[in-house]
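All the letters of the sequence shown, read from the start, carry residue numbers 0 to 146 under numbering that gives the first Met the number 0.
Keep in mind that the hints were calculated from the coordinates and are not lab data. Treat each hint with caution, since some may be false.
With a Cα cut of at most 27 Å, we get these calculated BS3-like pairs of lysine-lysine [as the list claims (entries may be wrong)]:
1) Lys-128 - Lys-83
2) Lys-80 - Lys-135
3) Lys-5 - Lys-60
4) Lys-128 - Lys-80
5) Lys-83 - Lys-137
6) Lys-60 - Lys-137
7) Lys-135 - Lys-83
8) Lys-60 - Lys-83
9) Lys-60 - Lys-80
10) Lys-80 - Lys-137
11) Lys-60 - Lys-128
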Amino acid sequence: MTRKQKRLSVIAGGLAFLGAATGLTFYALGQKASYFYMPADLTTASVQPGQRIRLGGLVEKGTIQRGQGTTVAFSVTDTHKSVKVTYTGILPDLFREEQGVITEGTFGPDGVFVADSVLAKHDERYMPKEVADGLKAKGVWQESKSE
0 MTRKQKRLSV IAGGLAFLGA ATGLTFYALG QKASYFYMPA DLTTASVQPG QRIRLGGLVE
60 KGTIQRGQGT TVAFSVTDTH KSVKVTYTGI LPDLFREEQG VITEGTFGPD GVFVADSVLA
120 KHDERYMPKE VADGLKAKGV WQESKSE
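Build out the structure end to end from the sequences listed, making use of the hints.
Next up, the structure:
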């Protein structure tokens, strides 16, 4: 091999390595992506059973039901539609009715959303950005005048 051929083979090997690393990175990120939906968005979305998504909205008033142990059932609403959610675990201290919430998980075969994480707002003025944007677009939620 001449010097030129060696140099080209090293460059080609380096480019192949970078291409493989980039491809694996995008593949891994695509597997971890979970899309955000409001309850009304689910009627038009094609969510497959077992597909991880984030479901956000408000905890519907009167729907929190404590089960055995740490199992809790409640509904998430955007005031147009609501989705029944079950969660097994310790809920955030600030979780309560008519407050902003984001749940992450999958739909079960019975159509109930099975959450494996629940995020709640952290003070009286904060609502998760995705939830606030979705509720504002539907005309349900407005920012307080003190902001």
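Checked hints:
1. Taken as a hint, the Lys-128 and Lys-83 pair is honoured in the structure, with Cα atoms around 22 Å apart against an allowance of 27 Å.
2. Proposed proximity of Lys-80 and Lys-135 is supported: the alpha carbons are some 15 Å apart, at most 27 Å.
3. Taking the CA atoms of Lys-5 and Lys-60, the gap is near 71 Å; set against the 27 Å cutoff, the hint is violated.
4. Straight-line distance between C-alpha atoms of Lys-128 and Lys-80 comes to about 19 Å, which keeps the hinted pair within the 27 Å bound.
5. Annotation: proposed proximity of Lys-83 to Lys-137 holds, straight-line Cα distance about 20 Å (limit 27 Å).
6. The suggested pairing of Lys-60 with Lys-137 holds, with an alpha-carbon distance near 19 Å, which does not exceed 27 Å.
7. The hinted pair formed by Lys-135 and Lys-83 meets the criterion: a straight-line CA distance of about 22 Å does not exceed 27 Å.
8. The straight-line distance between the Cα atoms of Lys-60 and Lys-83 is roughly 12 Å, inside the 27 Å bound, and the hint therefore holds.
9. Taking the CA atoms of Lys-60 and Lys-80, the gap is near 13 Å; set against the 27 Å cutoff, the hint holds.
10. Among the hinted pairs, Lys-80 with Lys-137 is consistent with the structure: their alpha-carbon atoms are about 12 Å apart, no more than 27 Å.
11. Proximity of Lys-60 to Lys-128 is assessed by CA-CA distance (about 21 Å); at most 27 Å being required, the pair is judged to hold.
Hint compliance for this structure: hint 3 alone is broken.
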